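Chains as they are written, first to last, in my numbering: chain F, 12 to 108; chain C, 87 to 478.
It should be emphasised that the hints constitute simulated quantities derived from the structure, not laboratory data.
Honestly, I wouldn't trust all of these hints.
What the hints assert, rightly or not - Quick list of in silico lysine-lysine cross-link-like pairs, DSS-like style, CA-CA up to 30 Å:
| id | chain 1 | residue 1 | chain 2 | residue 2 |
| --- | --- | --- | --- | --- |
| 1 | C | K142 | F | K19 |
| 2 | C | K142 | F | K78 |
| 3 | F | K19 | C | K195 |
| 4 | F | K99 | C | K195 |
All values reported here derive from a predicted model rather than from experimental measurement.
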Amino acid sequence: MEKDQRIKLKPGYILRRIANSDIVIPVGNNIASFNGLITLNETAAFLFKLISEGATITELIEALTKKYDIDPDLAGDDVDDFVSQLEKADMLMICED
Amino acid sequence: MDLINMTRIPLNGTFELTARCNLQCKMCLIRLDNDAKSRMNEKSAKEWIDMARQVKQAGTLGLLLTGGEPLLRPDFPEIYSEIASMGFVLTIYTNATLITDEIYELFRKLPPHNIGVTVYGASGRTYGLVTGSSNAYERMLEGVDRLRRLPSRLTVRTTIIKDNLEDLDKISSWAKGLGPEVEFNVSRIVIMPVRGGIADVKAHRLSPTENVAMLKKLYTERIIEPLAEFFKANPDIGIGEELAEIIKGREEEHNSREHNFECTIYGCEAGINSYTITWDGKLIGCQMLNDCCSYPFEEGFAKAWEEFPAKVKLLPLPEKCKGCSTPCTSCYATRLAETGSMGGWPEYICREAKLKEEMEKDLIKELHANIVRTLYKNKRMPDSMSDRHKNK
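Extracted from the complex, chain C is given alone in its bound form (with noise of 0.2 Å):
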């Protein structure tokens, strides 16, 4: 058994550095105003590098920094040269948009881990829309420009709302033309801001059938055309075995993992192998939930995480939720979000849910007609298929 799973080690840890940001996008989780009363309440140079020498000895391995616009900080550079040569794996997230020339020039001596860049749009136009800056767009490119040239590993994310739908082609297109060492991330669902977050999240996100039908387009594009690709020119494969063994092997994989202990508070590694440490100084989870915390700057790391399970109150699943098989992104931190408590139903998670399992089915049965009809045609059904498909 993983050692890891048995063991309580805060593993992966986020540094939020701070709540403010320099762009005000849409459906923002975190932001707040950025005004004198956030940067007041924020943690000072000094007590990050502190804390994360602290989290070092406590066994942090993986290191995010992020905001808010971790860049915005003008005491940045002093934080990161510090925490960068502890011997962590650093990552940075972005959005790109601040990478002077002092920064570029200490992420070159001193590069991160990885690098994780938001992106918004692939206009000038659209990013004014989404974030309130037009040539938020074009520092953006200029930022990205840059940080390629680092050895960091390049990620590109994007959130898509209802003002930034139209680009997620050219996003996309942009991306991949990054090239094949850089990661495109969509952000899977849009949720509520947290812990006082100021965008109006709820106006723009896409509604439950808008994003299962940008989730439809994504998936089509990146596993069912390229696997009608894969059988059109590999008419001799014998994929229909393959398969077989693959579903075969995912099956005995995942009921052997049932067998193994786990031990979890809310579910996921948050408070077992994972927190966050906010903007102003508190010990929590995950970036998303706020329903308990503990103060690592007053009582030190070591006591904070301690401590931190035996504040932790959940509530039990929602009625609406008992006995459902949907799979979902339903969890305490994003019922947090989307009603306000832990126990809440989250109507538009639930209802993106359904329509998502649906449109699933459907695809699936698509790419087996797709893989029936392709081995049909080279006759190279397996048995198990062929039968399959008699009975239909």
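If we strip away everything but chain F, and leave its shape as in the complex, we get (with noise of 0.2 Å):
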């Protein structure tokens, strides 16, 4: 995946608090490759809601390294990890816009 190309999340994951925990719901034909629950945790929820909302990596990257006042190439490795696992899960589209 290109590091500016948009991301978003495909329709139907929703992100919950239960409990102090954050986790994620698959509804409707979701659940065809995915009848379960996702745990996250305080950093994936982060990147989650920012993926909801559309953001590319590079986006991603900067605003982990700004919100945990961590390096950028740590926040480079979290932000890749955690995209291609989102990505192996179809879970994601990319934005026309």
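Dock the two chains into a complex; use the hints.
Structure below.
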């Protein structure tokens, strides 16, 4: 995936905060590929919210670096790791605009 | 420690959309007459949708839509289409006889995570005897055929009474034939109706002896026989040591549990992490409880949930149950259903539990003998078992 390509979550993945946990619930026909729950840690939930609204990899790395005051290379690894997991689970789409 | 065990959160909810049903099952806990009075007191689609928003806000993750038969409501599509996209892990309980084109299309667009289908027999004749409708059998088959095409997890559930006992094997084979991904459950025991349910359960449920005989058959088929087959097929396996490790692990797990603090009202999750909202709008601990309630449609769910525990007035354990170590299905809810009081002694449950305990002891002896025989034959007897065997 290109770093400046705008990505977004496919519809039907709902992030909810329940019992101090961030949980993603697939609804609708998303359950055909994954009928379960995904629990996110704090960083993943932060990235998930940004991707829900649409973001580029570069923007995600910048946001993570700023939020947690960490090295951009470390933030880059975390973002790549998380985005590739979402990609594997077929949860992402490329924004047209 | 698990946070959920420490916090009172309405994690799992049941919306009982109606107490009416298109079938008239002889063992139904809930069913009321399908008349104008029952219909009039039901909450509207708009009210249920608003309630779903409230329970979501309060932290409900798992939501069960049930009845009665929930699909009997003409406004079910309106309720479902709103609730299904809110972000619950959604389960529907249905008898699958009302899977019309409209309902199928609704589920196809927004499939629930889980569907539990209750099945009452393996022929039109048995359906006629149990549900009062012989053609419901064909409609159920057609309904299940449609539901199978959805990506939802499908569970076939059955309740056995005198009229369908002979069909159990056929129901089980049919359910297995649906594929390994379909779960099949048989109700453990049939309890008396609650909240004015009109079915004459007492006249139709199995006697304690019949119920335990049915369980013995199920346990033998599902546990004993597969294990015996496993030993035959794996003559070199040192199952004795593995079994000893498993038992040791279970004991350690059990002992560690005793040190955990668990907060309960009724001895289970009811009122702590789970709740039911009845067809006429009451918040109760579970579908079988009716000892007290609060009113979520009047005062809002958050307030009704908050004040619920203060309304509960538990009664002490019946004298006959004190000091008894037999595992049984008696709880506040089943005692209330069986005797009309949470402190009553449920004779039916007690008799069944004593018989079941004896049956299980016999089965374990049989299983142990089977293991010893196989290991002895295979010359793989572990010392611990060998000693036990010699002492007998």
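Now the hints, each set against the structure:
Between the alpha carbons of K142 of chain C and K19 of chain F the distance comes to roughly 25 Å, so the proposed pair stays at or under 30 Å and holds. Among the hinted pairs, K142 of chain C with K78 of chain F is consistent with the structure: their alpha-carbon atoms are about 29 Å apart, no more than 30 Å. A C-alpha spacing of about 22 Å is found between K19 of chain F and K195 of chain C, which places the hinted pair at or below 30 Å, so the restraint holds. Among the hinted pairs, K99 of chain F with K195 of chain C is consistent with the structure: their alpha-carbon atoms are about 23 Å apart, no more than 30 Å.
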